[in-house]
Amino acid sequence: MNRVRHEAPQHLAEAPAPLDDPGRGPGAGELAALAARVRAADPEGRGPLLETLVARLRTPAGSPAAHAAALVALLDGPALEGLDDGGVPLRVAAVRALLSLGYPHALQVAPEDLELLRLHDLPAPRSLFRFPAGAAALGAAAWFSFTARDGSGPMGWLLERDLPLGLAALTVPSVALVGFGALLCATADALGPTQRAGRWVLGAAGVALAMLGTFASFWQTTGTAGAVLGSLGALGVLAALLPRRRAP
Numbered sequence: 001m002n003r004v005r006h007e008a009p010q011h012l013a014e015a016p017a018p019l020d021d022p023g024r025g026p027g028a029g030e031l032a033a034l035a036a037r038v039r040a041a042d043p044e045g046r047g048p049l050l051e052t053l054v055a056r057l058r059t060p061a062g063s064p065a066a067h068a069a070a071l072v073a074l075l076d077g078p079a080l081e082g083l084d085d086g087g088v089p090l091r092v093a094a095v096r097a098l099l100s101l102g103y104p105h106a107l108q109v110a111p112e113d114l115e116l117l118r119l120h121d122l123p124a125p126r127s128l129f130r131f132p133a134g135a136a137a138l139g140a141a142a143w144f145s146f147t148a149r150d151g152s153g154p155m156g157w158l159l160e161r162d163l164p165l166g167l168a169a170l171t172v173p174s175v176a177l178v179g180f181g182a183l184l185c186a187t188a189d190a191l192g193p194t195q196r197a198g199r200w201v202l203g204a205a206g207v208a209l210a211m212l213g214t215f216a217s218f219w220q221t222t223g224t225a226g227a228v229l230g231s232l233g234a235l236g237v238l239a240a241l242l243p244r245r246r247a248p
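Here the sequence shown stands for residues 1 to 248, where the numbers follow my numbering.
Hints listed in this document are in silico derivations from the structure and should not be mistaken for laboratory results.
C-beta atoms are modelled at their ideal positions from N, C-alpha and C, and glycine is treated no differently.
Hints may contain errors.
Stated by the list, open to error - Taking CB as the label site, the calculated pair distances span:
id, residue 1, residue 2, range
1, PRO111, PRO48, 29 to 37 Å
2, ALA106, GLY29, 31 to 39 Å
3, PRO111, ARG58, 18 to 26 Å
4, THR52, GLY77, 13 to 21 Å
5, ALA41, GLY102, 31 to 39 Å
6, GLU30, GLU112, 20 to 28 Å
7, SER100, ASP76, 17 to 25 Å
8, ASP42, PRO111, 33 to 41 Å
9, THR59, ARG37, 12 to 20 Å
10, ALA40, TYR103, 33 to 41 Å
Start from the sequences and build out the full structure, keeping to the hints where you can.
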């Protein structure tokens, strides 16, 4: 695979250690061979081999330039694909190791590897604070289900009255959007596109509910329940802004 990299400046890069230098550290071939042994090992023997491989990725035994060259060559091949250490892909571990070598060696990290690292390191929302967003989603669904039977909510109210199409169109989707946005925030695994979508949906739902409360005469019923659900959804968004980071 062709990968775009920034080359380390020649006047700053260290000269690679000679091949006969016993302290030069593991090269790309040795690391790739060790990765192949990890892949082929049985479950009982994989643990020690994996620990050895991770340690060699993280700790340069020779010069930083030689270790950087080995890591770059390893990242350019398929040796690390599908391997992970406690949920952390070894490819991510290799990228972190290359970045830890600092300037100028970190310049050799490919943009796609930086993106992989960024996506893996996205903070995840606190599990405890998922509850408000999930409650908003369930509350929206339950509210529509129960109030449709007795005519006290927007569904029953719509069934009894001949509303203008524009106003009727705002009634049901507005609170449904609150539940949907909250559900996005409650179920997202990381603070990425799904969380952002949830915040946008909750914002749109809030505007719709405000318009509904301004122009409709049944604000006491629709507005109060909608405000409660919207507040629960907002708590889910707040939870998304109080993240915990994955262990390195």
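Verification of the supplied hints:
{"no.": "1", "hint": "PRO111 x PRO48: 29 to 37 Å", "verdict": "holds (34 Å)"}
{"no.": "2", "hint": "ALA106 x GLY29: 31 to 39 Å", "verdict": "violated (23 Å)"}
{"no.": "3", "hint": "PRO111 x ARG58: 18 to 26 Å", "verdict": "holds (22 Å)"}
{"no.": "4", "hint": "THR52 x GLY77: 13 to 21 Å", "verdict": "holds (19 Å)"}
{"no.": "5", "hint": "ALA41 x GLY102: 31 to 39 Å", "verdict": "holds (33 Å)"}
{"no.": "6", "hint": "GLU30 x GLU112: 20 to 28 Å", "verdict": "holds (25 Å)"}
{"no.": "7", "hint": "SER100 x ASP76: 17 to 25 Å", "verdict": "holds (19 Å)"}
{"no.": "8", "hint": "ASP42 x PRO111: 33 to 41 Å", "verdict": "holds (37 Å)"}
{"no.": "9", "hint": "THR59 x ARG37: 12 to 20 Å", "verdict": "holds (19 Å)"}
{"no.": "10", "hint": "ALA40 x TYR103: 33 to 41 Å", "verdict": "holds (37 Å)"}
The structure fails to meet hint 2 from the earlier list, while all remaining hints are met.
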